[in-house]
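Trainee: Residues per chain are reported as follows:
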Amino acid sequence: MADGNAVTDADLRDEVRAWLAANWTPLPARQPGPGGAGWTISPEQKAWLEKVVEARWAVPRWPTEWYGRGLADAQARIVEREFAAVGAPGTGQDRSNLWANTALAYATPEFKAKIVPALLKSQVNMCLLYSEPGAGSDLAGIRTRADRQGDHFVVDGQKVWTSGAATADYGMLIARTDWDVPKHRGISFFYCPMKQPGVEVRPLRQITDESHFNEVFITDAIVPAENLLGPLNAGWGVLQTALAYERSVMGDGARGPRSGVAESATEEPLIALAREAGVLGDPVIRQEIAKSIAYKKLNALNNARAKAELGQGTSSSIMSLGKLAMSRILHEEARVRTLILGAGSLLEGKDYPRAEDANFLTLNAYFTSIGGGTDQIQRNIIGERVLGLPREPEVDRDVAFRQVRGNT
Amino acid sequence: MANIAAEDLTALTDSLHRLLQDKSTETDVRRTMETPAGYDPELWRQIAEMGVTGLIVDEAFGGVGAGPVELERVMEEAGAVLLCSPLISTVLAAGLIQALGDEAAKTRLLPTIADGSKIATVALTGAKGGWTEDGVSVSAAGAGDAWSLTGTASFVTHGQIADVVLVVANAPDGLAVFEVEPKAHGLAIKPLPTFDHTLRLADLTFEDTPARRLVATRPVWDAAEEALDLARVALAGEQAGGAKRALEFTVDYAKTRAQFGRLIGSFQAIKHMAADLLLESESATSAARAAARSLADGDKNAQAAISLAAFACADAFSTITATAIQMHGGIAFTWAHPAHLYLRRARADAQLFGSSAAYRERYLEALGA
Numbered sequence: 002m003a004d005g006n007a008v009t010d011a012d013l014r015d016e017v018r019a020w021l022a023a024n025w026t027p028l029p030a031r032q033p034g035p036g037g038a039g040w041t042i043s044p045e046q047k048a049w050l051e052k053v054v055e056a057r058w059a060v061p062r063w064p065t066e067w068y069g070r071g072l073a074d075a076q077a078r079i080v081e082r083e084f085a086a087v088g089a090p091g092t093g094q095d096r097s098n099l100w101a102n103t104a105l106a107y108a109t110p111e112f113k114a115k116i117v118p119a120l121l122k123s124q125v126n127m128c129l130l131y132s133e134p135g136a137g138s139d140l141a142g143i144r145t146r147a148d149r150q151g152d153h154f155v156v157d158g159q160k161v162w163t164s165g166a167a168t169a170d171y172g173m174l175i176a177r178t179d180w181d182v183p184k185h186r187g188i189s190f191f192y193c194p195m196k197q198p199g200v201e202v203r204p205l206r207q208i209t210d211e212s213h214f215n216e217v218f219i220t221d222a223i224v225p226a227e228n229l230l231g232p233l234n235a236g237w238g239v240l241q242t243a244l245a246y247e248r249s250v251m252g253d254g255a256r257g258p259r260s261g262v263a264e265s266a267t268e269e270p271l272i273a274l275a276r277e278a279g280v281l282g283d284p285v286i287r288q289e290i291a292k293s294i295a296y297k298k299l300n301a302l303n304n305a306r307a308k309a310e311l312g313q314g315t316s317s318s319i320m321s322l323g324k325l326a327m328s329r330i331l332h333e334e335a336r337v338r339t340l341i342l343g344a345g346s347l348l349e350g351k352d353y354p355r356a357e358d359a360n361f362l363t364l365n366a367y368f369t370s371i372g373g374g375t376d377q378i379q380r381n382i383i384g385e386r387v388l389g390l391p392r393e394p395e396v397d398r399d400v401a402f403r404q405v406r407g408n409t
Numbered sequence: 002m003a004n005i006a007a008e009d010l011t012a013l014t015d016s017l018h019r020l021l022q023d024k025s026t027e028t029d030v031r032r033t034m035e036t037p038a039g040y041d042p043e044l045w046r047q048i049a050e051m052g053v054t055g056l057i058v059d060e061a062f063g064g065v066g067a068g069p070v071e072l073e074r075v076m077e078e079a080g081a082v083l084l085c086s087p088l089i090s091t092v093l094a095a096g097l098i099q100a101l102g103d104e105a106a107k108t109r110l111l112p113t114i115a116d117g118s119k120i121a122t123v124a125l126t127g128a129k130g131g132w133t134e135d136g137v138s139v140s141a142a143g144a145g146d147a148w149s150l151t152g153t154a155s156f157v158t159h160g161q162i163a164d165v166v167l168v169v170a171n172a173p174d175g176l177a178v179f180e181v182e183p184k185a186h187g188l189a190i191k192p193l194p195t196f197d198h199t200l201r202l203a204d205l206t207f208e209d210t211p212a213r214r215l216v217a218t219r220p221v222w223d224a225a226e227e228a229l230d231l232a233r234v235a236l237a238g239e240q241a242g243g244a245k246r247a248l249e250f251t252v253d254y255a256k257t258r259a260q261f262g263r264l265i266g267s268f269q270a271i272k273h274m275a276a277d278l279l280l281e282s283e284s285a286t287s288a289a290r291a292a293a294r295s296l297a298d299g300d301k302n303a304q305a306a307i308s309l310a311a312f313a314c315a316d317a318f319s320t321i322t323a324t325a326i327q328m329h330g331g332i333a334f335t336w337a338h339p340a341h342l343y344l345r346r347a348r349a350d351a352q353l354f355g356s357s358a359a360y361r362e363r364y365l366e367a368l369g370a
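If you're matching them up, the sequences are chains A and B in order. First residue of the first sequence? That's 2 in the numbering used here, and the numbers climb one at a time after it. First residue of the second sequence? That's 2 in the numbering used here, and the numbers climb one at a time after it.
Just so you know, these hints were derived from the structure itself, not from any lab. All C-beta atoms, glycine included, are put in the ideal place defined by N, C-alpha and C. You may find that some hints are simply not true.
The list that follows gives simulated cross-link-like pairs (lysine to any residue, SDA-like), each with its CA atoms no further than 25 Å apart [said to hold, decoys possible]:
(1) LYS256/B - GLU385/A
(2) LYS308/A - ALA7/B
(3) LYS308/A - ARG82/A
(4) LYS308/A - ASP298/B
(5) LYS256/B - PRO394/A
(6) LYS47/A - GLU111/A
(7) LYS245/B - ASP376/A
(8) LYS52/A - PRO118/A
(9) LYS196/A - ILE42/A
(10) LYS107/B - ARG46/B
(11) LYS292/A - ARG259/A
(12) LYS292/A - ALA7/B
(13) LYS196/A - GLU111/A
(14) LYS245/B - ASP197/B
(15) LYS301/B - ALA305/A
(16) LYS245/B - VAL387/A
(17) LYS308/A - THR242/A
(18) LYS256/B - LYS191/B
(19) LYS301/B - ALA307/A
(20) LYS308/A - ARG46/B
(21) LYS256/B - ASP376/A
(22) LYS301/B - ARG82/A
(23) LYS115/A - ARG62/A
(24) LYS115/A - ALA235/A
(25) LYS308/A - ASP197/B
(26) LYS107/B - GLN47/B
(27) LYS191/B - THR153/B
(28) LYS308/A - ASP15/B
(29) LYS115/A - TRP237/A
(30) LYS301/B - ASN304/A
Some chain B residues flagged as far from chain A (calculated, every beta-carbon gap over 12 Å) [claimed, not checked]:
(31) PRO173
(32) VAL216
(33) GLU281
(34) SER319
(35) GLN327
(36) PHE334
(37) ARG361
(38) TYR364
Please work from the sequences and hints to get the whole structure.
Mentor: This is the structure:
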């Protein structure tokens, strides 16, 4: 990947530091969007990202013709460390920006030239149009269709679990383009323009009584042919790349309590909660707290070790382990919070913030154990791709999708 | 504590791996575990030549001068093959001698421990087996060069084969460490029947047993904890290595055993168990290595890291070996199958130097709760 003008670590470090010293000033904090959905990006943040991209710090691992520097992973991490040291965002997008990485790898040259810089600079908002009411765990069973008509595709169908759909400019869409081949082989991957009459977004009310997701009804929507990513009918492969990035984000962290009533900044939340509730001396509760904290700490150690061992090659398999771990962490922490509160957890509302948090976290843990692939699907993936166990027989694998039984 | 270069560590673990693949096969383990000594003197000599027995002993006393990081990796290899050896006792004894700061004792004892010619152990807990300061069960009386011990120390690892026996005992002026001749008058060594046949444990009963008091340049329990920390890291490595191997042979079996016309590994009932165990196994490895690193670095969070590794590795090894038997089915219910040997080792390791529950409590205390 090196571009022939290899830079030494020390020179690179000096260059980043000098650039940050000359350009970086702290930005106002990011704010959640309306109803807690998504994040709004301020003009200052956009201006900063623009600078980072133009100075080629946004994606240092990428090739020079695409805003990068062709740096090896170890050197890119030097850049990331220097940015992190001053609290500046914007670099490391070659690892973390799922939209831009997917587009760089698969978009047509015309579309790539238009969309990649806009994505790196957060000038466009994005959403995911994957799941359908009839295709959740079995994502390859999608029935949204895209039919070619001249220089564009016409899309019809229904998508669900789409966050940020109301504000999105584009959705990364999978749709069926061939019904006469087995399910994985007739899917294509598009950047679907969201702001058009054929796309209707309706909020979905969750068990947490929040609305972070939408249903998206697509009726005769138009997608230009240049927005196709990868070859026609090869969308399943494109999707795997995109899913790997999404899972890596989900394995890295999750939401905390929502009451907004401060918890200790210096102490583990469960210890602080038990202290506050007067049960920190209870030996049973202490054992449960230790187990719960340990799950979290062990996951952090696993992630650190995986990163150290793998270097750049972000492996979806290791990250799948992280997501399964995170799911247990969240369910267990919520369970122990409930144990600590006892009958206090019967209540809800702003006057009972600890109960509110415990109950919210209990319900929201399913966001991680179902979303982005259920724990059960993750275990299949780990079993098959990491441990090399044989696949479950699939009755629909070699059958034309038209003949596969659907939900009726 | 010192570290050796990364490539030297890799070379060491590689050659140990090859030696153990050759000399500590299942057949070797089964043969050795039925002998009274419970270890293979010839194999012990060979691993000593590699520097394993003197790994943590200072170079000045004939050792390698390595630290917890190297120790943990070596123990992963030993644990993977269920090596029958007094390695853990050696770590505890050498660690205690070095931690105490008795220069004469170092000169007298460490070179023969390092070269493997003498087997050393530490007696430091009573019948409750807590390995805590208040669990010290032997008393010392005397003064100057004339000391004697009375009482019973329990669960002394490799006590029946040790050439050098160190005893932590309560002297009138506080806790102290004594060296006792295995053949000393008034010392009764009673081998204990162990559930893990690859382990040797003994009760040591002292009745006015003559003993030599070692000099301590620091509080004795601090030194004992320092030695125990090394042993905890070593044990965590052994557990992580054993857990990984048990999962490997279980997954391999699921790829070859067919029922209902399918390999059993294709059933989600089996596959999901394997996936959960992989998380346990990887977490154990991460925890053991992080504890070793944190102890080596003298990190302020070392106590939390070691306690975490102690219970995470113990629980992972126990869970993996127990579930491994279930995943195999009937074949692993037979004595001839190795799965139960791993379960036995896991259950033993889960009690040595303290229980998982005790380490969870220590962990919370280390976190300030």
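Trainee: Hint by hint, say whether it matches the structure.
Mentor: Results for each hint:
1. With a C-alpha separation of about 11 Å, the suggested pairing of LYS256/B with GLU385/A holds against the 25 Å cut-off.
2. A distance of roughly 18 Å separates the Cα atoms of LYS308/A and ALA7/B; the hinted pair therefore holds under the 25 Å criterion.
3. Distance restraint check for LYS308/A and ARG82/A: the Cα-Cα separation of roughly 14 Å lies within the 25 Å cut-off, and the hinted pair is therefore satisfied.
4. Between LYS308/A and ASP298/B the CA atoms are separated by roughly 21 Å; this keeps the pair inside 25 Å, and the hint holds.
5. This hinted pair checks out: LYS256/B and PRO394/A have alpha carbons roughly 14 Å apart, not beyond 25 Å.
6. Among the hinted pairs, LYS47/A with GLU111/A is consistent with the structure: their alpha-carbon atoms are about 24 Å apart, no more than 25 Å.
7. Distance hint between LYS245/B and ASP376/A is fulfilled; the C-alpha atoms sit about 22 Å from each other, no more than 25 Å.
8. At roughly 12 Å between alpha-carbon atoms, LYS52/A and PRO118/A fall within 25 Å of each other, so this suggested pair holds.
9. Distance check on the hinted pair: LYS196/A and ILE42/A sit about 19 Å apart at the alpha-carbon level, within 25 Å; holds.
10. Of the pairs offered as hints, the one joining LYS107/B and ARG46/B holds, with about 21 Å between alpha carbons and a cut-off of 25 Å not exceeded.
11. At most 25 Å may separate the alpha-carbon atoms for a hinted pair to count; LYS292/A and ARG259/A meet this at roughly 23 Å.
12. This hinted pair does not check out: LYS292/A and ALA7/B have alpha carbons roughly 33 Å apart, beyond 25 Å.
13. Among the hinted pairs, LYS196/A with GLU111/A is consistent with the structure: their alpha-carbon atoms are about 20 Å apart, no more than 25 Å.
14. With a C-alpha separation of about 19 Å, the suggested pair LYS245/B and ASP197/B falls inside the 25 Å cut-off, and the hint holds.
15. Restraint check for LYS301/B and ALA305/A: the C-alpha separation of about 19 Å stays at or below 25 Å, so the hint holds.
16. Only pairs whose Cα atoms come within 25 Å are accepted, and LYS245/B paired with VAL387/A is accepted, the gap being roughly 14 Å.
17. With a C-alpha separation of about 18 Å, the suggested pairing of LYS308/A with THR242/A holds against the 25 Å cut-off.
18. For the proposed pair LYS256/B and LYS191/B, the alpha carbon gap of about 45 Å is over 25 Å, so the pair is violated.
19. Between LYS301/B and ALA307/A the CA atoms are separated by roughly 24 Å; this keeps the pair inside 25 Å, and the hint holds.
20. Between LYS308/A and ARG46/B the alpha-carbon distance is near 38 Å, which puts this suggested pair outside the 25 Å criterion.
21. A hinted pair counts as satisfied when its Cα atoms are at most 25 Å apart, and LYS256/B with ASP376/A qualifies at roughly 22 Å.
22. Between LYS301/B and ARG82/A, the direct Cα distance comes to roughly 23 Å. Compliance with the 25 Å bound is thereby established for this hinted pair.
23. Between LYS115/A and ARG62/A, the direct Cα distance comes to roughly 20 Å. Compliance with the 25 Å bound is thereby established for this hinted pair.
24. Taking the CA atoms of LYS115/A and ALA235/A, the gap is about 22 Å. The hint holds against a cut of 25 Å.
25. Between LYS308/A and ASP197/B, the direct Cα distance comes to roughly 37 Å. Violation of the 25 Å bound is thereby established for this hinted pair.
26. With a C-alpha separation of about 23 Å, the suggested pair LYS107/B and GLN47/B falls inside the 25 Å cut-off, and the hint holds.
27. Between LYS191/B and THR153/B the alpha-carbon distance is near 10 Å, which keeps this suggested pair within the 25 Å criterion.
28. Straight-line distance between C-alpha atoms of LYS308/A and ASP15/B comes to about 23 Å, which keeps the hinted pair within the 25 Å bound.
29. Our distance criterion of 25 Å between C-alpha atoms is met by LYS115/A and TRP237/A, whose separation comes to about 24 Å.
30. Proximity of LYS301/B to ASN304/A is assessed by CA-CA distance (about 22 Å); at most 25 Å being required, the pair is judged to hold.
31. Every CB of chain A lies more than 12 Å from the CB of PRO173/B, the least distance being 34 Å, so the non-interface label holds.
32. In this structure VAL216/B is separated from chain A by more than 12 Å, as the shortest Cβ-Cβ distance comes to about 38 Å.
33. In this structure GLU281/B is not separated from chain A by more than 12 Å, as the shortest Cβ-Cβ distance comes to only about 9 Å.
34. The claim that SER319/B is not at the interface with chain A holds, since no C-beta of that chain comes within 12 Å of its own (minimum 14 Å).
35. Interface exclusion of GLN327/B from chain A stands, the closest Cβ pair being 16 Å apart, more than 12 Å.
36. The Cβ of PHE334/B sits about 22 Å from the closest Cβ of chain A, beyond the 12 Å cut-off, so the non-interface label holds.
37. A beta-carbon of chain A comes within 12 Å of the beta-carbon of ARG361/B; the shortest separation is about 4 Å.
38. Not every beta carbon of chain A lies more than 12 Å from that of TYR364/B, the smallest distance being close to 5 Å; the non-interface claim is violated.
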